[in-house]
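Number of protein chains: 4
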Amino acid sequence: MAAALRTANPDFRETILRHLERQEFMKHIGCVLTSIEVGRVTAEIPLEREHQQQIGLVHGGVIATIADVAAGFAGFTLVGPQEHTVTAEIKISYFSPGRGHTLVAEGRVVKPGRRMHFCEADVFVVGDTGRKLIARATTTMAVIDPRKKGLVQS
Amino acid sequence: MAAALRTANPDFRETILRHLERQEFMKHIGCVLTSIEVGRVTAEIPLEREHQQQIGLVHGGVIATIADVAAGFAGFTLVGPQEHTVTAEIKISYFSPGRGHTLVAEGRVVKPGRRMHFCEADVFVVGDTGRKLIARATTTMAVIDPRKKGLVQS
Amino acid sequence: MAAALRTANPDFRETILRHLERQEFMKHIGCVLTSIEVGRVTAEIPLEREHQQQIGLVHGGVIATIADVAAGFAGFTLVGPQEHTVTAEIKISYFSPGRGHTLVAEGRVVKPGRRMHFCEADVFVVGDTGRKLIARATTTMAVIDPRKKGLVQS
Amino acid sequence: MAAALRTANPDFRETILRHLERQEFMKHIGCVLTSIEVGRVTAEIPLEREHQQQIGLVHGGVIATIADVAAGFAGFTLVGPQEHTVTAEIKISYFSPGRGHTLVAEGRVVKPGRRMHFCEADVFVVGDTGRKLIARATTTMAVIDPRKKGLVQS
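Protein chains in written order, with my numbering: chain A, 152 to 305; chain B, 152 to 305; chain C, 152 to 305; chain D, 152 to 305.
Incorrect hints may have been included.
Identical chains blur together in the list; that is why a pair holds if it fits in one copy or across any two.
As the list claims (entries may be wrong) - Simulated crosslink set (EDC-like; lysine to aspartate or glutamate; CA at most 16 angstroms straight-line):
| no. | residue 1 | residue 2 |
| --- | --- | --- |
| 1 | Lys-299 | Glu-201 |
| 2 | Lys-299 | Asp-279 |
| 3 | Lys-178 | Glu-199 |
| 4 | Lys-283 | Glu-257 |
| 5 | Lys-299 | Asp-273 |
| 6 | Lys-178 | Glu-201 |
| 7 | Lys-299 | Asp-162 |
| 8 | Lys-178 | Glu-195 |
| 9 | Lys-299 | Glu-257 |
| 10 | Lys-283 | Asp-162 |
| 11 | Lys-283 | Glu-195 |
| 12 | Lys-299 | Glu-165 |
I should point out that these hints are in silico values taken from the structure, not numbers from a laboratory. As the structure is a prediction and not an experimental result, all values here were calculated from the model.
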């Protein structure tokens, strides 16, 4: 369905790069975007000891975070210059333990909408023997226009 | 259903505390356990700038991580001394933006099983005006016995 | 959080009852609403052979349906007379096999919003030995105003 | 990853067809399997008035059921002759309203395991203007051996 994707912000790359400057948690865990296309974003984390849980595998929270980042920014590429997206919900299925030198998440918009985008992300671990799919996330991203009243009652 | 919870490891607290020593990602994001009971675990993160996304709210990945930690260790309190749990899948619903000085997750086992535990976690943000529920997670935790063959085909 | 729930349609019961007249699938599987309060709806299905899967248990699709109905109408009680709700996504965790004479789902709004309601439903089976929780669903319900453009791009 | 799929039951088709004879709920809603391959199953429902909700669209419960059936039997094709699968959890994202003459679900095993299979299903509606993806489900299917103690504590 990717063929049908249109963006409401031709400068989406610049808008996202500007947002990333203030993305403290992504910086804290070493998460960067390596590709930003309309409806498709790739994120990467060079894996360090700090990303591990107690038996040396990548912590599930790291995987959830990179999936959320890739899927969320994929949705972000479509919205208007004044709008942004927030994660309404995300589900992550963990297929295999994560062990390797780099974590990669490929996010995509599966179904765009005026008020919500359905997005997904595949998470891979890259190691000496190649690249392996270790998790998949499906998410509902709400489109927010800060000039209007908020998404939810506070 | 909490009344029915039984643990297969009377020393579950010591087992968990020992595991925490090597929990690098939890240390990296300042996540600690503040209560460990049979089938119920509370986790906390004192919120800093490093936990924020681009508009100053707690990053969804932080919320997903603390929910996974609280729900996962709640399941961990029930398993045998040689077993552990891994997250098969987790879904997080984000009710409200997170802004405050402390993030708290209360994890619980909703339905224990021989091979999987269904767990949940409520995530609260604590600020000057009190405590507010901002997210809820539901998760399937697989019970792993490392002495047997792994959960999934590698 | 139920205390905070407000409805935008004082005649929500009448509106829902009118909708039920044309709810063909609910009729087809014998699903009725037994309680309709602001933000809380109970649904029931008297269990027959037609609700079973191959080994005599309630089919997961029946459980998913009654959970969707109870959670969805719970959200419906809050919206304006011209609005309705649609399920954006639902996750169902199946705790135990379903065997009994009646299936009951209690739906509730956990977090209301202008544009989406986060709802949940607990599903019980009632048998000779009492009532047992067999599943829980969490769902995002989108609020739709048919006078405006649709939720999603068609 | 489909290339790696192996079945533990060469007679999986016969086993499934035998199970279908007693699948009362599938019969009740007119759901049939139209293709059964290793790790891939297609289900169909000719749409009637009885499958509709109040405004004439396919009820979400019908979509959840056909997704569960297709994904579940996809997992079933892999397990041993004495084993079966049960849905531990399923999440369905509803992309578009369902309107047409036939509902089709394509289920697949994304990651097989000894004790659980991660499966997915895409749900399409077929109408006069062609076929359209309207929903996607992700699910954890537990592998059950009835000769051993049950999956969960009762």
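Okay, the hints, checked on the actual structure:
| no. | hint | verdict |
| --- | --- | --- |
| 1 | Lys-299 / Glu-201 | neither (40 angstroms within a copy, 28 angstroms between copies) |
| 2 | Lys-299 / Asp-279 | neither (49 angstroms within a copy, 26 angstroms between copies) |
| 3 | Lys-178 / Glu-199 | both (14 angstroms within a copy, 13 angstroms between copies) |
| 4 | Lys-283 / Glu-257 | within (13 angstroms within a copy, 24 angstroms between copies) |
| 5 | Lys-299 / Asp-273 | neither (33 angstroms within a copy, 29 angstroms between copies) |
| 6 | Lys-178 / Glu-201 | both (13 angstroms within a copy, 8 angstroms between copies) |
| 7 | Lys-299 / Asp-162 | neither (22 angstroms within a copy, 28 angstroms between copies) |
| 8 | Lys-178 / Glu-195 | within (12 angstroms within a copy, 21 angstroms between copies) |
| 9 | Lys-299 / Glu-257 | neither (31 angstroms within a copy, 33 angstroms between copies) |
| 10 | Lys-283 / Asp-162 | neither (33 angstroms within a copy, 31 angstroms between copies) |
| 11 | Lys-283 / Glu-195 | within (14 angstroms within a copy, 33 angstroms between copies) |
| 12 | Lys-299 / Glu-165 | neither (23 angstroms within a copy, 32 angstroms between copies) |
Going down the numbered hints, you'll see the structure goes against 1, 2, 5, 7, 9, 10, 12, while the others check out.
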